[in-house]
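Colleague: These protein sequences, in sequence, are chains A and B.
The first sequence begins at 1 in my numbering and counts up one residue at a time.
The second sequence begins at 451 in my numbering and counts up one residue at a time.
All the given hints hold, so there is nothing to weed out.
These stretches of chain B come out as covered by chain A in the derived footprint (C-beta under 8 Å, 3 or more residues): (1) 456–465; (2) 595–607; (3) 618–632; (4) 825–833.
One-sided and incomplete, this derived list gives chain A residues near chain B with beta-carbon spacing under 10 Å: (5) R74; (6) E375; (7) D417.
Think of the hints as simulated: they come from the structure by calculation, not from any bench.
Quick caveat: nothing in here was measured; it's all calculated off a predicted structure.
For every residue, glycine included, the Cβ atom is placed at its ideal position computed from N, Cα and C.
There are 2 protein chains.
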Amino acid sequence: MTVTRVTLEENEIPTHWYNVVADMPNPPSPPLGPDGKPVGPEQMLAIFPGNLLEQEMSGERWIPIPDAVRDAYRIWRPTPLIRATRLEAALGTPAKIFYKYEGVSPSGSHKPNTAIPQAYYNKQAGINRLTTETGAGQWGSSIAFAGQMFGVEVRIYMVKISYGQKPYRRSMMQTWGAEVFASPSDMTQTGRAILAKDPNSLGSLGIAISEAVEEAAGRKDTNYSLGSVLNHVLLHQTVIGLEAKKQFEKIGEYPDMIFAPCGGGSNFAGIAFPFFADKAAGKNVRLIAVEPTSCPTLTKGVYAYDFGDASGFTPLMQMYTLGHDFMPPGIHAGGLRYHCDSPLVSQLYHEKLIEAVAVPQLATFEAGVKFARAEGIIPAPESCHAVRACIDEALRCKESGEPKTLLFNLSGHGHFDMASYDRYFAGELEDFEYPQEAIAASLAHLPKVG
Amino acid sequence: MTVTRVTLEENEIPTHWYNVVADMPNPPSPPLGPDGKPVGPEQMLAIFPGNLLEQEMSGERWIPIPDAVRDAYRIWRPTPLIRATRLEAALGTPAKIFYKYEGVSPSGSHKPNTAIPQAYYNKQAGINRLTTETGAGQWGSSIAFAGQMFGVEVRIYMVKISYGQKPYRRSMMQTWGAEVFASPSDMTQTGRAILAKDPNSLGSLGIAISEAVEEAAGRKDTNYSLGSVLNHVLLHQTVIGLEAKKQFEKIGEYPDMIFAPCGGGSNFAGIAFPFFADKAAGKNVRLIAVEPTSCPTLTKGVYAYDFGDASGFTPLMQMYTLGHDFMPPGIHAGGLRYHCDSPLVSQLYHEKLIEAVAVPQLATFEAGVKFARAEGIIPAPESCHAVRACIDEALRCKESGEPKTLLFNLSGHGHFDMASYDRYFAGELEDFEYPQEAIAASLAHLPKVG
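With these hints in hand, go ahead and build the complete structure from the sequences.
Modeller: Now the structure itself:
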């Protein structure tokens with residue numbers, strides 16, 4: 001049996017990020033203020049540096065990656081593209097299964113791809129302190145690492161359920177010198193208001209974002225940093241797909257279908273957008289965002305203007321949403337517990353240029369264990385969603401006899417999620433019902449525009 | 451600032467292991483029975499397959515690596531050689547610091563280098579079940595992974611203090627399908643005897659080895675597998691140093707000094723022995739084994755015939771030992787809590803061909819945090835020992851102005867050791883005194899030979 005591990009040299013790290021906006025059939029919908037008028041960059045400058053805002057608004061296809069960022073990328077990039085021959089054999093599928101392994105980064109996920117440039121651009125803009133939120137802790141540990149690389153202090157609001165489930169993610173952030181607090185906290189108005197209503201709140205990404213934004217907006221020396229959703233974040237993640245394209249070229253292959261977990265959207269965009277460029281040019285490639293059935297933003301949400309956070313501090317963005325006060329069940333894929341989805345991913349989905357599928361929790365862990373036993377790597381619960389969808393397709397190929405080429409983003413390892421695997425083995429995990437009533441209730445609170 | 455990450459292609463994985471015995475000035479001392487007579491292979495065949503015993507006894511310089519083993523190595527090998535330019539800058543040293551990073555393996559340490567061939571050779575010999583011991587869990591998780599790759603069942607006796615400190619290592623073993631029990635257990639005579647004397651025993655590698663050997667010796671369908679100490683284990687680990695030599699050759703450098711953690715000796719041997727070949731041929735390279743001051747086998751032990759386990763099931767081997775019933779303090783570098791050291795490493799040390807140094811626990815964590823903040827990777831507590839010794843040498847270079855080239859084995863990441871980092875940050879870790887009286891007491895029980 002042959003393992004095909006396609007590696008690149010360090011000088012093959014991309015020199016530019018790919019901006020999908022240049023290839024979209026329609027321009028992105030603008031973010032709006034509560035008055036229904038487009039938000040100008042001046043309002044965003046309170047929490048973001050100008051150089052990142054420029055990227056946020058850019059329509060240029062290629063954005064150069066600064067040397068200092070490429071240099072930091074070299075700590076773990078290029079990442080390997082691996083053919084899962086042992087998994088193929090275990091499934092008995094004629095499909096060729098490839099995965100891009102982002103778990104080799106210091107924090108163990110794809111998140112440093114944007115944490116590094118965000119820390120760099122803030123430092124360039126004279127900002128020495130960042131606040132942010134984190135769900136499962138993958139983003140928080142990545143920005144802690146990146147802050148340490150560029151001498152930027154980092155304070156992190158960590159969603160309370162993950163703070164409890166993943167204590168060692170917290171230790172990791174602290175090892176890289178960051179401050180970490182469970183959210184909702186009593187340090188912000190947002191946190192205090194939520195705790196007053198529900199002292200046992202498990203927290204959510206939406207709440208944690210509100211806390212981090214509130215603090216950054218109130219302090220001149222501090223900016224805010226977001227791990228997903230925004231255009232510049234998705235832009236930075238495209239190094240994943242750009243490398244994967246080079247790697248497929250090296251071996252004379254090309255994927256028919258690409259799968260990635262989808263919470264805020266940067267994981268999916270990172271691997272899929274560079275292939276979207278080919279699709280826009282007529283190539284036949286299917287791009288599939290995989291989300292949890294318990295938080296089915298794309299598959300069960302509405303396409304509307306909504307806030308990106310729970311309290312309504314962010315501008316209104318047009319996107320798929322379950323309503324900004326939707327509280328997702330406490331699944332173990334903390335990074336996918338988010339009420340909305342990136343505007344760029346949402347628009348492409350709305351225009352039927354990409355696809356989405358939702359999978360239940362137990363099936364994702366089953367897929368993760370199957371993958372670990374075949375390929376050796378234990379995937380993060382978020383990544384298990386892509387593994388599940390890809391295995392399902394490989395099994396359909398087995399039925400049909402089609403030798404499709406499948407690619408998925410193995411966005412992170414599960415070393416900090418072993419307690420979740422423990423619970424899975426102990427039979428303590430459950431599949432949450434599709435939370436129809438909760439979604440209907442939160443959708444009733446969608447903000448009115450204008 | 452430039453990161454130098456020296457990678458190899460997958461076809462550059464070594465085709466042969468290097469056997470240091472061929473270059474030693476004197477033949478290895480033979481293992482002895484309680485009667486003082488050399489133990490023949492027939493006695494070892496109860497717990498080891500013939501093909502591994504052949505390697506154990508071999509004097510050949512090069513042993514071919516089977517294709518199936520190289521193929522499994524390709525899941526994570528070749529591993530990168532990285533120049534720690536950010537650490538050099540942080541220290542202000544003129545030294546060039548390189549590290550070989552073995553933490554990229556599925557289990558996160560160097561241990562699969564021997565777990566894979568051990569599972570393979572047992573399977574070849576018709577054995578479908580293995581028992582073993584594990585300290586910190588690096589070995590246990592590696593043999594669980596390797597067993598899964600070759601369809602071999604694995605039962606693991608895990609030292610009780612680590613079982614408590616590192617629960618997620620246990621989950622990892624279970625994810626790869628292995629059974630795990632805290633040692634001392636009530637499943638063996640050894641375990642029951644220890645518990646009868648001390649129900650609160652923290653366990654030790656020596657005790658866990660006794661339990662695993664006892665079970666394997668009593669069952670025809672089961673062999674025993676050891677993660678360090680023995681000649682064939684050290685042999686398999688030489689892929690580390692062989693790759694490192696190729697990588698140095700690529701960039702036209704050569705190390706002046708090489709540091710590696712030393713518990714049983716396979717970590718050290720893995721990176722150092724291939725360079726010993728050059729040293730034996732006249733090259734000037736210093737090889738330094740780094741051990742904890744709390745378990746100072748090489749620096750404070752005696753060179754004598756002793757058992758490799760607590761109960762005296764193993765043959766007598768001539769090695770540095772603190773006495774087979776020495777109980778090391780409960781330091782967090784569980785992989786280094788072993789009363790003796792590999793016979794090959796011991797003999798080379800006794801003949802003054804390699805060096806050893808002992809470092810205290812707090813200083814190792816301080817070095818680990820410094821490394822993590824500079825280079826991004828959080829080292830395992832065992833690996834922190836090598837980081838410490840290497841940083842100390844780099845600081846001496848700063849004093850003297852010598853631009854030495856230093857190499858250390860970053861044998862594993864600390865993802866499963868974050869509770870130890872937590873305790874370090876909380877000021878709860880201590881430096882254990884050199885346990886002089888305990889060592890004197892156990893040395894008084896050294897077995898009489900013949």
